[in-house]
Amino acid sequence: MIGIFRNVCLWVDDRLHVSKLFAATAGHHVPKSSGSWFYVFGSATLLCFVLQVVTGILLAFVYVPSASQSYETLMALSYEQPLGWFLRGMHYWGSNFMVAIMFLHMTQVFLFGAYKYPREVTWISGCILMILTLGLAFTGQVMRFDEDAYWGTGIGAAIMGRVPFIGQELVHLMLGGPIINSDTLSRFFALHVFILPGSVIALISLHLRMVLTKGINEYPKPGHLVRRETYDQEYAAIIKKEGVPFFPKAISKDLIAASIVIFGILFCTAVFGPKMPNGPADPTQIVTVPRPDFFFLWIFAVAALLPDYTETFLLLAGGPVILLILFALPFVNNTGEKSWRRRPVAVITVILAYVVLGILTYLGHTSPWSPDMGAWTSAITEKSRVTGRSPFELQGLVVLQNKQCRNCHAIEGVGGQRGPDLANIGTRLTRDQLIRQVIQGGGNMPAYGNKLSPYEVDALVAYMVSLRPEGQPPARNSTVPGVPPKDQAALPPKPQGES
Amino acid sequence: MNTDSNKEPEKCGCEGKEKSNRRDFLLKVGLGLNAVAAAMVGIPVIGYALSSFLQKYPLKPISLGPVSKFPEGTTRLASYHNPYSRKWDGDTAEIPCWVRHISNNDFQVFAINCTHLGCPVRWFDQSKLFMCPCHGGAFYQDGTHASGPPPRPLYTYEWWVENDELFLKGGILPTLADPMV
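The listed protein sequences derive, respectively, from chains W and D. Counting from 115, one number per residue, gives the positions in the first sequence under our numbering. Counting from 540, one number per residue, gives the positions in the second sequence under our numbering.
No wet-lab data here; the hints were simulated from the structure. It is possible that some hints are incorrect.
[Unchecked claim] Some chain W residues judged to face chain D by a derived CB distance under 10 Å, without partners named: (1) S157; (2) A181; (3) S182; (4) Q183; (5) F259; (6) W265; (7) L289; (8) I293; (9) P362; (10) R405; (11) F414; (12) P485.
We put the beta carbon where it would ideally sit given N, CA and C, even for glycine.
Let the sequences and hints guide you as you build the complete structure.
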C-alpha cells in the first residue's frame with residue numbers, strides 16, 4: 115500500500131517537478147539571521163492580500179455595483195445574508211490591517227537598509243505595491259457608495275480638475291462621464307476587483323521573484339558596509355555558511371505572525387463589526403460631513419492646512435515628488451551602512467514621517483477648521499456667561515447665537531473650532547477692534563457689515579466685551595496710554611510713567 | 540525575398556539555411572499579421588476605455604420649475620434630473636443647486652459644490668453665508684469668497700426665465716477645469 119502511494123507521488127513529481135519547484139521557492143536558502151521577528155511583516159501583508167481576495171470574491175456574490183442598488187445590497191449583505199456581516203467585517207478590517215502592516219514592512223526595510231545593492235528592484239516593486247494597495251483602499255471605500263464615497267469621489271474629481279490643460283478630460287475619465295453617477299461606481303468597481311488586484315498579483319510575483327534571485331536581506335550588523343564589488347560573494351558565503359531553507363527553518367515566526375494577524379482581524383470583526391455605509395449616495399441630501407477612511411485623513415487635513423498659493427501645486431506634485439524620492443532612494447543611497455543603529459538620518463526620517471502622518475491624521479479626524487454646522491442651535495451657553503449681563507448685552511448673546519457665530523467660535527470649548535474661542539475675548543480685543551472685526555471680517559472671518567444692523571453690532575460687541583474672567587478689565591487700546599475705555603472708568607487710573 | 544532564398548542554397552550549399560530563411564519569413568509575416576490584428580483590436584479597446592476622455596458633454600437646458608417656487612429675497616435648495624443620467628443611477632441622478640431670487644426676474648443659481656474640493660455647501664439664511672463642511676470654506680450670499688481655502692467664487696449656472704419657469708444650463712460636475720460659466 116505504502117509502495118503504491120510512494121510510486122504515485124514519484125510519478126506526480128516526475129511529471130510536475132514539484133520537488134524542484136519547492137527547492138527553488140519555499141525551500142530556498144535564506145540567511146539564518148533573517149529568521150527574525152522584524153522580518154515577518156512582508157509575509158503578513160501578503161497574507162492580508164490573500165484574505166482580501168478571498169473575502170472580496172465572496173462579497174461579489176451578493177454586491178451589485180450600481181448606484182441605485184449598491185446600498186440595498188450592502189444592507190442585505192450586512193443584515194440578511196447569513197454571515198454576510200462577517201465577510202464584510204473581515205474585508206474591511208483586512209484592508210486596515212493590510213495598509214498598516216504594509217507600512218510597517220516598508221519601515222523595517224528602510225531601517226534595515228534592505229533597499230541597497232543589489233535589491234533596488236525589490237524596493238521599487240514594493241513602492242509600486244504600496245501605491246496599488248492605497249489605490250485598493252481608496253476604491254474600496256467608494257464601493258460602500260455612501261455619502262462619504264460620493265463626496266469623496268467629488269474631492270478626487272476636484273483635485274483632477276486642477277491639472278492644467280487636460281483637467282476636464284481627466285475628471286471625465288475618472289468619473290466615467292461628466293458627473294458622479296453609476297458609471298463612476300462601475301469604473302471604481304472594475305479598478306477595485308480587476309485592474310488593481312491583477313496589478314498587485316503581477317507586482318507581488320516580481321517582488322517575490324526578486325527575493326528569490328537577489329536573496330533576502332541578512333540581518334545588518336553595525337559597521338558592516340555594503341560594497342558593490344564584494345557584496346555578492348559575501349552574501350553567497352553567508353548562505354553557504356549559515357543558510358537555512360526558508361521552509362521549514364525560517365518560517366516559524368512568519369507563521370506565528372500570520373496567526374496573530376488573523377486573530378486581530380477576527381477580533382476587530384467580532385468586536386467592531388464592518389463599517390456600515392453612512393447613508394445612501396443622495397446628492398440632494400446635503401446635510402452631511404464627508405470624511406475619508408482613516409488612511410486618507412492626513413491628505414484631507416493637508417488640503418485644509420496648505421497655504422492657498424501652494425495648494426494646487428502640492429496636491430498635484432506632492433505625490434509624484436514623494437514617489438520620485440522613494441524610487442531614487444536605492445540609487446542615491448546604494449551602498450554603505452545598513453544598520454539603523456548607525457543611520458541617524460534614516461531613524462529621524464522615519465520618526466518625522468510617523469509624527470507628521472499621526473498629527474495630520476488626528477487633525478483630519480477632529481477637523482478643527484470645519485464649522486460646527488449645528489452649534490448655533492445646539493451649543494449651550496454656561497450660566498456664568500449669561501447672569502449679571504444687561505438686557506443690551508443679552509441681546510448681543512442672541513445675535514451671537516442666531517447669526518451662527520458659534521458655528522466657528524466656541525465659548526469655553528463648546529462650538530466650532532475654526533475661529534478663536536470667545537471665552538475671554540473681552541480681555542484680548544478692544545470694543546473698537548471687535549466692531550472692526552465683525553463689520554469687515556478678515557483673518558479668515560467673513561465680513562458681517564451688511565448682515566447686521568448697527569444696533570445688532572453694538573449689542574454683539576457689548577456682550578463680547580463682557581466675556582472675560584471675573585475681576586479682569588477689558589482690553590485697552592495700547593496706542594492711547596492712560597486713557598481707560600468708558601466702561602473701565604471706575605477702575606483706578608494707571609500710575610504715570612508705567613508703559 | 541523569395542529569390543534570395545532560392546539563390547542561397549547554391550551559394551553555401553546547405554539546406555538548413557534555406558529552412559531558416561523560410562522560418563524567418565514566416566516569423567515576420569506572423570509578427571506583421573499580429574501587429575495588424577493587435578491594432579484592429581487595440582485601437583477600439585483604447586477608444587472605449589478612454590471614451591469619456593474624448594467625448595464632449597455640452598451643457599443642456601433643464602427646468603427648475605415655476606418661478607413661484609423661489610420667493611423673492613430668498614435662497615433655496617432646488618434639484619434637477621441630470622440630463623446625462625443612466626436608468627440605474629438611482630438617487631445620484633438628482634442634482635441639487637442653490638437658487639437665489641434677488642428681485643423680480645433677477646436670479647443667481649449656484650452649483651452645490653464648494654470651489655475648493657467639491658463638498659456640498661450649506662446656506663445659512665441668518666448670517667447670509669454658504670458654509671462648506673469639509674475644509675471650512677465660506678461664501679457670501681452672492682457667491683463671492685468670504686473665507687477659507689476656496690480659490691474662487693461659487694460656480695454659477697447660466698439661467699433664464701421663460702413663461703414663468705426658471706431654466707438653467709447644466710449636466711456636469713463643475714470643477715476648476717470646467718466651471719460651466
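Agreement of hint S182/W with chain D interface, Cβ distance less than 10 Å: 3 Å, holds
Interface hint outcome for P485/W [beta carbon to chain D under 10 Å]: 5 Å, holds
When the least beta-carbon distance from Q183/W to chain D is tested against 10 Å, hint result: It holds, given that the least Cβ distance between Q183/W and chain D is near 7 Å, below 10 Å.
Chain D contact restraint on F259/W - CB to CB distance below 10 Å: Holds - the Cβ of F259/W comes within 10 Å of chain D, reaching about 9 Å at its closest.
W265/W as an interface hint toward chain D, with CB separation required under 10 Å: 5 Å, holds
Chain D contact restraint for R405/W - C-beta distance below 10 Å: 8 Å, holds
Status of the hint placing P362/W at chain D (closest C-beta pair under 10 Å): It is violated, given that the least Cβ distance between P362/W and chain D is near 46 Å, above 10 Å.
Status of the hint placing A181/W at chain D (closest C-beta pair under 10 Å): 5 Å, holds
Closest C-beta approach of I293/W to chain D relative to 10 Å, hint status: 5 Å, holds
Proposed interface contact between L289/W and chain D, which counts if any beta carbon pair is under 10 Å: Since chain D brings a Cβ to about 7 Å from L289/W, closer than 10 Å, the hint holds.
Chain D contact restraint on F414/W - CB to CB distance below 10 Å: 8 Å, holds
Minimum beta-carbon distance criterion (10 Å), S157/W to chain D: 35 Å, violated
Comparing the model with each numbered hint stated earlier shows that hints 1 and 9 do not hold.
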